Amino acid sequence: MIPEGLRYHTEHEWIRQENQTAVLGITHFAQDALGDVVYLELPKVGVEVRSGQEIGEVESTKTTSPVYTPVSGKIMAVNEELKEKPELVNQDPYGRGWIVKIQMSDPSEAKHLMDARQYGAYLKEKAD
Amino acid sequence: MKRTPLYDEHKKLGAKIVPFAGWEMPLSYTGVLEEHRATRSAVGLFDVSHMGRIELTGPAAVELLNRVATSPAKKLAVGGMQYALACNEQGGVLDDIMIYRFDERRYFVCANASNAEKIDQWLRKQAAGLSGVDVTDRSAELAQIAVQGPRSRELMKPLTAVDLDRLKLRHCIETKVAGVPMLLSRSGYTGELGYELYLPADRTPGVWETLLHEGATYGLKPCGLGCRDTLRLEMGYPLYGNDMDETATPLEASLDFAVDLAKGDFIGREVMRRQKEDGVSRKLIGFELLRQGVPRHGHAILCDGKEIGVVTSGNHSPSLNKGIGMGYVQTRFAEVGGKIQIDIRGNAVPALVVERPFYKKGKA
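Chains A and B, in that order, are what the protein sequence lines are.
Sequential numbering of the first sequence, starting at 22, is according to the numbering used here.
Sequential numbering of the second sequence, starting at 364, is according to the numbering used here.
One thing to keep in mind: the hints can contain errors.
[Claimed, not checked] In silico lysine-lysine, DSS-like type, Cα no more than 30 Å apart, as pairs:
(1) K147/A with K702/B
(2) K438/B with K106/A
(3) K104/A with K365/B
(4) K104/A with K374/B
(5) K724/B with K65/A
(6) K374/B with K147/A
(7) K539/B with K106/A
(8) K145/A with K132/A
Because the hints were derived from the structure by calculation, they are not lab data.
All figures in this text were calculated on a predicted structure; none of them were measured in a lab.
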């Protein structure tokens, strides 16, 4: 359930590093806890963000939940497909349900994030 | 935390269980949207056993109800139902209730889970001065199931001897369903054709399983509190604790239809009579967003940048695919068609005051 090769944030976002770019989404655990996603408020392309900052909101039929970025940089792209199909966040959280792409200003920030094994242990710890 | 007689069934079905008004209740089984759509297009099966069920018996039962409720209880015929508010002396809403009359001298009050004890005590207190009425809390011995959706009648027909084609909206009858004696009513909280079953707690899992099994052909889905909320919101039904409470009167909550000032005295009447003459200073409205977004409880309602009220219920409407909500505004802003804005985390999102129900295709 937790893909290898991604880095995980304590607030249940994942990033996939592609050179200087980080693709960011929310984890399976996060989408499952939120329930059906019905709308996302996304940042504007070109905006500078800092690690730890709230960059958007996920609205589900149950609640509103902030999306944080664990890395700093500039928003290069937002997933336009989510405007019509927010349910992709539920159906394919690590794939077509990606949320934004960030051009990282400090790729070393990603090193401080959890890997799949650590994130799995983190979830288990939270559940106990 | 209390559990309904169907708790084990919910666990078996893999429901997400959440605390609600002191109960461990299913939030959803397969997803709020899927369950919402099943109820609008086929059948939804709901455990609503957390609600309060109070029986009133005796010759003075009708006197008690007429005094406690805003509706004309004296006009209620055997087999009928009335929606009403129970208010305090200041006109504040203690609860919204459904009154059933299933016999000459037997009435039944269905109260919200969060208010079940309060209403039971209130009825006892008000009964103290009357002779000839017994108040019995039957919440524990009975359970309550709602079968809701356009195909609910097809599902229910073979399970009961009652001619369901002749059971009218807001009517009830004592009968058997799936071999179990119960009170059956045509009613619900979804806006769809539907039924509510009041049945012995120990027989409830069996009936639930029968409905699940027989319902499969009709597209039945077990449904949790999540879609119960989105379904009622689309109908513009106020939810106690969100859209009204003891600080609001029925007239402020735009529930005038349930208040009969002409029926004689009842608790809170004087306040409501004065409000009817002088008007209210704030009113519950329905609104829809004109742009994407989801209004939520607690968001400020604005007009030209000034705060004029607050959102009390809001969500994304699955059927209309837009943000809808209810809230209180100063009365002069309550006109249908009025342009307002909802303050969603600092963004003033344009919205329109609209009539309720928001969703008009329900076939209750």
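Here is what the structure says about each hint:
| no. | hint | verdict |
| --- | --- | --- |
| 1 | K147/A with K702/B | violated (45 Å) |
| 2 | K438/B with K106/A | violated (51 Å) |
| 3 | K104/A with K365/B | violated (41 Å) |
| 4 | K104/A with K374/B | violated (34 Å) |
| 5 | K724/B with K65/A | violated (37 Å) |
| 6 | K374/B with K147/A | holds (21 Å) |
| 7 | K539/B with K106/A | violated (45 Å) |
| 8 | K145/A with K132/A | holds (22 Å) |
Violated hints, in rising order: 1, 2, 3, 4, 5 and 7; the structure is consistent with all others.
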